[in-house]
Amino acid sequence: MWIGDATHQENRGEIEIGLVNWACAVGSSNVLKHLLEDLGYTVKLTPVTAGAMYTGLANGDIDLITTAWVPLTHKQYMEKYA
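The opening residue of the sequence shown carries number 660 in this note's numbering; numbering runs sequentially from there.
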């Protein structure tokens, strides 16, 4: 495994990844999902729109995202929710 000294530990908890249906997000989110599962996390990929992705992050409904197009494309979301 190429994640350094990290080792598998059962029941580390749940992580929810916000997933916008863009090729780059689908690829990176699925790779991260598998890496986190190898470490013992339960991972849910939640399909969302870009706006809902940032709202979910701000509200704590989504734990992380793998694709943020800043500073231009998602600038308005970063200003509103960051």
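Be aware that a few hints might be false.
Claimed, not checked - Straight line, CA to CA, 20 angstroms or less: simulated SDA-like cross-link-like pairs of lysine to any residue:
hint, residue 1, residue 2
1, Lys692, Gly672
2, Lys692, Gly663
3, Lys703, Asn670
4, Lys692, Arg671
5, Lys692, Gln735
6, Lys739, Thr714
7, Lys703, Asp664
8, Lys692, Pro706
9, Lys739, Asp722
10, Lys692, Lys703
11, Lys703, Gly663
12, Lys692, Glu669
13, Lys739, Cys683
14, Lys703, Ile674
15, Lys739, Val679
16, Lys703, Gln735
17, Lys703, Gly719
18, Lys692, Lys739
19, Lys703, Asn718
20, Lys703, Val690
21, Lys692, Thr708
22, Lys703, Lys739
23, Lys703, His693
24, Lys703, Cys683
25, Lys703, Val679
26, Lys739, His693
Hints in this document: simulated from the structure, not taken from any laboratory.
Verification of the hints:
1. With a C-alpha separation of about 13 angstroms, the suggested pairing of Lys692 with Gly672 holds against the 20 angstroms cut-off.
2. Restraint check for Lys692 and Gly663: the C-alpha separation of about 17 angstroms stays at or below 20 angstroms, so the hint holds.
3. Taken as a hint, the Lys703 and Asn670 pair is honoured in the structure, with Cα atoms around 14 angstroms apart against an allowance of 20 angstroms.
4. A distance of roughly 14 angstroms separates the Cα atoms of Lys692 and Arg671; the hinted pair therefore holds under the 20 angstroms criterion.
5. In summary, the hint linking Lys692 to Gln735 is not supported, as the alpha carbons are separated by about 27 angstroms, beyond the 20 angstroms threshold.
6. A C-alpha spacing of about 9 angstroms is found between Lys739 and Thr714, which places the hinted pair at or below 20 angstroms, so the restraint holds.
7. Among the hinted pairs, Lys703 with Asp664 is inconsistent with the structure: their alpha-carbon atoms are about 24 angstroms apart, more than 20 angstroms.
8. Proximity of Lys692 to Pro706 is assessed by CA-CA distance (about 14 angstroms); at most 20 angstroms being required, the pair is judged to hold.
9. Taking the CA atoms of Lys739 and Asp722, the gap is about 18 angstroms. The hint holds against a cut of 20 angstroms.
10. With a C-alpha separation of about 8 angstroms, the suggested pairing of Lys692 with Lys703 holds against the 20 angstroms cut-off.
11. Between Lys703 and Gly663 the CA atoms are separated by roughly 23 angstroms; this puts the pair beyond 20 angstroms, and the hint is violated.
12. Annotation: proposed proximity of Lys692 to Glu669 holds, straight-line Cα distance about 15 angstroms (limit 20 angstroms).
13. A threshold of 20 angstroms between alpha carbons decides the hint, and for Lys739 with Cys683 the separation of about 24 angstroms lies outside it, so the pair is violated.
14. Of the pairs offered as hints, the one joining Lys703 and Ile674 holds, with about 6 angstroms between alpha carbons and a cut-off of 20 angstroms not exceeded.
15. At most 20 angstroms may separate the alpha-carbon atoms for a hinted pair to count; Lys739 and Val679 meet this at roughly 19 angstroms.
16. At roughly 26 angstroms between alpha-carbon atoms, Lys703 and Gln735 are farther apart than 20 angstroms, so this suggested pair is violated.
17. Restraint check for Lys703 and Gly719: satisfied, since their Cα atoms lie roughly 14 angstroms apart, inside the 20 angstroms limit.
18. The straight-line distance between the Cα atoms of Lys692 and Lys739 is roughly 27 angstroms, outside the 20 angstroms bound, and the hint therefore fails.
19. Between the alpha carbons of Lys703 and Asn718 the distance comes to roughly 17 angstroms, so the proposed pair stays at or under 20 angstroms and holds.
20. Only pairs whose Cα atoms come within 20 angstroms are accepted, and Lys703 paired with Val690 is accepted, the gap being roughly 13 angstroms.
21. Note on Lys692 and Thr708: the hinted pairing holds, with a Cα-Cα distance of about 19 angstroms set against a maximum of 20 angstroms.
22. The straight-line distance between the Cα atoms of Lys703 and Lys739 is roughly 25 angstroms, outside the 20 angstroms bound, and the hint therefore fails.
23. Proposed proximity of Lys703 and His693 is supported: the alpha carbons are some 11 angstroms apart, at most 20 angstroms.
24. For the hint pairing Lys703 with Cys683, the CA-to-CA distance comes to about 18 angstroms; that is within 20 angstroms, so the pair holds.
25. The straight-line distance between the Cα atoms of Lys703 and Val679 is roughly 13 angstroms, inside the 20 angstroms bound, and the hint therefore holds.
26. Between the alpha carbons of Lys739 and His693 the distance comes to roughly 31 angstroms, so the proposed pair goes past 20 angstroms and is violated.
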